[in-house]
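*Asks:* The primary structure of each chain is shown beneath.
2 protein chains.
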Amino acid sequence: MASSSLTPPPEVPMKLHVLNRNKLITSLRDHLSSSSHPHHGFVLLQGGEEQTRYCTDHAELFRQESYFAYLFGVQEPGFYGAIDIATGKSLLFAPRLPTEYAVWLGEIKPLSYYKERYMVDLAFYTDEIATTLLNQCQGVAQPLLFLLHGLNTDSNNYSKPAEFEGIEKFEKDLNTLHPILTECRVLKTNLELAVIQYANDISSEAHVEVMKNVKAGMKEYQLESIFLHHAYMYGGCRHCSYTCICATGGNSSVLHYGHAAAPNDRTFEDGDMSLLDMGAEYKFYGSDITCSFPVNGKFTNDQRLIYNAVLDAHNAVISSMKPGVSWVEMHKLAEKIILESLKKGGLLVGDVHDMMAERVGAVFMPHGLGHLLGIDTHDPGGYLKGAERPKEPGLKSLRTSRALLEGMVVTVEPGCYFIDALLVPAMKSPSTSKFFSSEINRFRGFGGVRIESDVYVNAHGCLNMTKCPREISEIESVMAGGPWPIKKSVYFENGAC
Amino acid sequence: MASSSLTPPPEVPMKLHVLNRNKLITSLRDHLSSSSHPHHGFVLLQGGEEQTRYCTDHAELFRQESYFAYLFGVQEPGFYGAIDIATGKSLLFAPRLPTEYAVWLGEIKPLSYYKERYMVDLAFYTDEIATTLLNQCQGVAQPLLFLLHGLNTDSNNYSKPAEFEGIEKFEKDLNTLHPILTECRVLKTNLELAVIQYANDISSEAHVEVMKNVKAGMKEYQLESIFLHHAYMYGGCRHCSYTCICATGGNSSVLHYGHAAAPNDRTFEDGDMSLLDMGAEYKFYGSDITCSFPVNGKFTNDQRLIYNAVLDAHNAVISSMKPGVSWVEMHKLAEKIILESLKKGGLLVGDVHDMMAERVGAVFMPHGLGHLLGIDTHDPGGYLKGAERPKEPGLKSLRTSRALLEGMVVTVEPGCYFIDALLVPAMKSPSTSKFFSSEINRFRGFGGVRIESDVYVNAHGCLNMTKCPREISEIESVMAGGPWPIKKSVYFENGAC
Ligand SMILES: [Mn+2]
Ligand SMILES: [Mn+2]
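Residue numbers (UniProt numbering), protein chains in the order written: chain A, 1 to 497; chain B, 1 to 497.
If you are wondering where the hints come from, they were derived from the structure by calculation, not from laboratory data. Incorrect hints may have been included.
Unchecked claim - PhoX-like, lysine-lysine: derived pairs with alpha carbons at most 25 Å apart: (1) A:K283 to A:K487; (2) A:K160 to B:K160; (3) B:K89 to B:K15; (4) B:K322 to B:K385; (5) A:K298 to A:K344; (6) B:K109 to B:K89; (7) A:K109 to B:K428; (8) A:K23 to A:K283; (9) A:K428 to B:K109.
Claimed, not checked - Beta-carbon label-pair distances, calculated as ranges: (10) A:Y113 to B:G481: 38 to 48 Å; (11) A:R389 to B:G445: 51 to 61 Å; (12) A:K396 to B:E50: 19 to 29 Å; (13) B:P485 to A:T267: 17 to 27 Å; (14) B:E165 to A:K298: 53 to 63 Å; (15) B:D270 to A:Y125: 34 to 44 Å; (16) B:D270 to A:P98: 33 to 43 Å; (17) A:E50 to B:A2: 28 to 38 Å.
We put the beta carbon where it would ideally sit given N, CA and C, even for glycine.
If we strip away everything but chain A, and leave its shape as in the complex, we get:
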């Protein structure tokens, strides 16, 4: 019978978002000082709106926009928030709800409720934004608004600056806020780490619950259902960080399996590998965890070879991570270890340095080693303004090329996949065919292995926040019914983790 060592889910103090705001204002003032600009004006952000499906009244479950969530922690749609740069005062603007709201959607809360709950200094209605902000800085003809506008380097989309009635009465700055706020998000506070740790704990436990219940003959989506249920039932996680990837057999070489066109609907069989990439989100903060194992609970020699190649890469990277280390170098380290293992296993022949130079690593691991993680699964800030993406296969898929900094949370997710679309051309190419032994044909259709942990970079090294069984002996033991207790951390104590 399912249960959890992690219930009840912890209360997350709203102070987390107060600190996020303070951090932003400190950074913003530093920036303004350094460019001799006065400390006046407002940061103004618009929260997300509820969306309906196509032309219908089907309301999609609302999830707050991430920058707004970061600064204000507001779970409801339709809000705006501002911070007075001179005073640091925070202002929240709530939608003025029609009286029918009380009948259909719930109690209409007074502004004082939002002020208290979200720990802001002042609360108004959204139809009062212009008058309120003008009132706050009497005497200034056109107060300055710092609006959010900037590129998300994973989606190539731009964030949408706030819009409201009366905005033409203000001067607008669209360039300053985005990079500074993004960099605040890159470096996590202790309170943020505590939430990410909880998301990791409950997700790790949910992965273990899945491992314990896998049986050949099940459908892939049943593993998704077990995970989702554990994370929600015991962890209070209504959202996941991303759509669950529950890939078995050959599907495990499809990096982003699980979407509507490949909806985890295969019946898996004895002997299949599985690759389960699933992470719950708690109070806006996510986790991103992948476990790979044979569905029957016992690794074959071939499975052992590929799994340990990836695990060695995973462990070597984590052992090397500390502030200052280049993420591109970590990616190459992972590639090197995987190639060495494949060579040792007889799948590849020749010099590993030569393979690296010919980018053979990217045939087996076409994705980046990992990415920043936080309120978004692919948290922003991976490329600073002006930074160029690497162009080489594999490296060009990196979501960040930065050097590690204390406070970053990064996923470490090496993988080794047998993808015909990449393998076949590489085996034929004049520059790379020589590296492939005929042994590799045995692995066509194998699928792939990915091992993904969420890692926090601290002053001297790093900390793996993910608590899943990783060694083959651990996985086989858990799948055979062995214990795998996940210790509840002290998440919040005197506001720290």
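Keeping the supplied structure of chain A fixed, place chain B with the ligands upon it in accordance with the hints.
*Replies:* For chain B with the ligands alone, coordinates are given in the frame of chain A:
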């Protein structure tokens, strides 16, 4: 230990959507003949596109647009579909996927795969729409396209007509298709009924699973989690028809509780009523089911009074439903029975006809009695073009005012709620205060009761497709651990249900 009598979920034959297309073409030809228009041109629909969250690359789980799903049954995003009105031939246009798709998202399927899987006559790429359609009707200078444009009377939004490169080479008709296609959706085929029956069966079983596991001290969302898990794990339902409403105590008087601003997060207590409105969706077709019961499994006298008032209304309506019956009259019937019960229970005094005239029924049941159900929870077609919405309280909330027709699936969902925002003004109003006895004050904070079943109108009456415990004795027995087996229907046999 949870299990299900309904596994494995049934295979839904693609013929369902072929029949939907045939039905549309027959209707459309009839319409064109009756207005002496020639049978030429194409019906052209654009399927849904995958959406990302705000500026990020977080992909929302795709759900097909409902009209497109109805005609083509396509689960993937980015498609278009057409039907040649003269020949009835169906054409599907698939997105041309980049080669990287194979690495990240899965095998790139050939057009023949889609042609076969979706049982269409021809398959092309979406960049071939204009040339293909022009080729199909050589000699016609500007072939006619019937595009989807019309009002959704629940959302007040308009469906978005298809757009594609080269559309300017065609003549467009924006008025004909929407009402005819919508009316096709109103009247279900046997194949559609079979899918709705399955969605009802698995959802009914999931509701029973919840009833068996409710305990005071739990969180509301844990009931949501149990429901979702049962429907997905055993029923293969990845989507629900709508966000789960798990309301307990006073929350059960909030009609659409459960959204992001009221996220099923209360801890419920011994003595609370619960109102659980949850329905799974299977292969596009939905269910919409509400159960109400005390969380401790034993009804008090007051709970019994309100529950039976609603159950009597529910049963009386179902006993009266048949083709030709006005849904407005059914709403009034439900109101009358509830008011009579409240009078019998001492909460109201005076003449029930007078109460009805003063719309006291709408104080206790401000929503409509029910709505069409199908691929959308609030399925379109509730108001025919030109039909006016009733204006009176309660009646104005009806999502349809039509007379019942054989083939409709309608929810029957009477409710009785104690909503201060409505009750307090009505108790004070000169025209209605006389009807309220002081007994009613005992029920302030009671919350509410709703009982909702999905009902199919057949030639001579109707059929309740929902299989939940409804009588108080049944509910108490199930909650005490008694059996409630749900018999697996024969869903598909020779293509019929
Ligand atoms: Mn990841
Ligand atoms: Mn309903």
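*Asks:* Do E50 of chain A and A2 of chain B keep their Cβ atoms within the hinted range of 28 to 38 Å?
*Replies:* holds (33 Å)
*Asks:* Please work out if K283 of chain A and K487 of chain A have their alpha carbons no farther apart than 25 Å.
*Replies:* holds (20 Å)
*Asks:* At the C-beta level, are R389 of chain A and G445 of chain B separated by a distance inside 51 to 61 Å?
*Replies:* holds (59 Å)
*Asks:* For K109 of chain A and K428 of chain B, compute the direct alpha-carbon distance and say whether it is at most 25 Å.
*Replies:* holds (23 Å)
*Asks:* With respect to the beta-carbon atoms only, verify the hint that D270 of chain B and Y125 of chain A lie 34 to 44 Å apart.
*Replies:* Cβ of D270 of chain B to Cβ of Y125 of chain A: about 39 Å, so the range 34 to 44 Å holds.
*Asks:* Does the alpha-carbon distance linking K298 of chain A and K344 of chain A stay inside the 25 Å limit?
*Replies:* At roughly 22 Å apart (the allowed maximum being 25 Å), K344 of chain A and K298 of chain A satisfy the hint.
*Asks:* Holds or violated: 53 to 63 Å for the Cβ distance of E165 of chain B and K298 of chain A?
*Replies:* Check passed, 54 Å falls within 53 to 63 Å.
*Asks:* Given the hint that K322 of chain B pairs with K385 of chain B, does the C-alpha gap stay at or below 25 Å?
*Replies:* holds (23 Å)
*Asks:* Decide if the proposed pair is consistent with the structure: K23 of chain A and K283 of chain A, CA atoms, cutoff 25 Å inclusive.
*Replies:* Answer holds: K23 of chain A to K283 of chain A is near 19 Å, not above 25 Å.
*Asks:* So if I understand the rule, the pair passes when the alpha-carbon distance is 25 Å or less; does K160 of chain A with K160 of chain B pass?
*Replies:* holds (23 Å)
*Asks:* Please test the hint of 19 to 29 Å on the beta carbon pair from K396 of chain A and E50 of chain B.
*Replies:* holds (23 Å)
*Asks:* Do the alpha carbons of K109 of chain B and K89 of chain B lie within 25 Å of each other, as the hint requires?
*Replies:* holds (22 Å)
Consistency note: the structure conflicts with none of the earlier hints.
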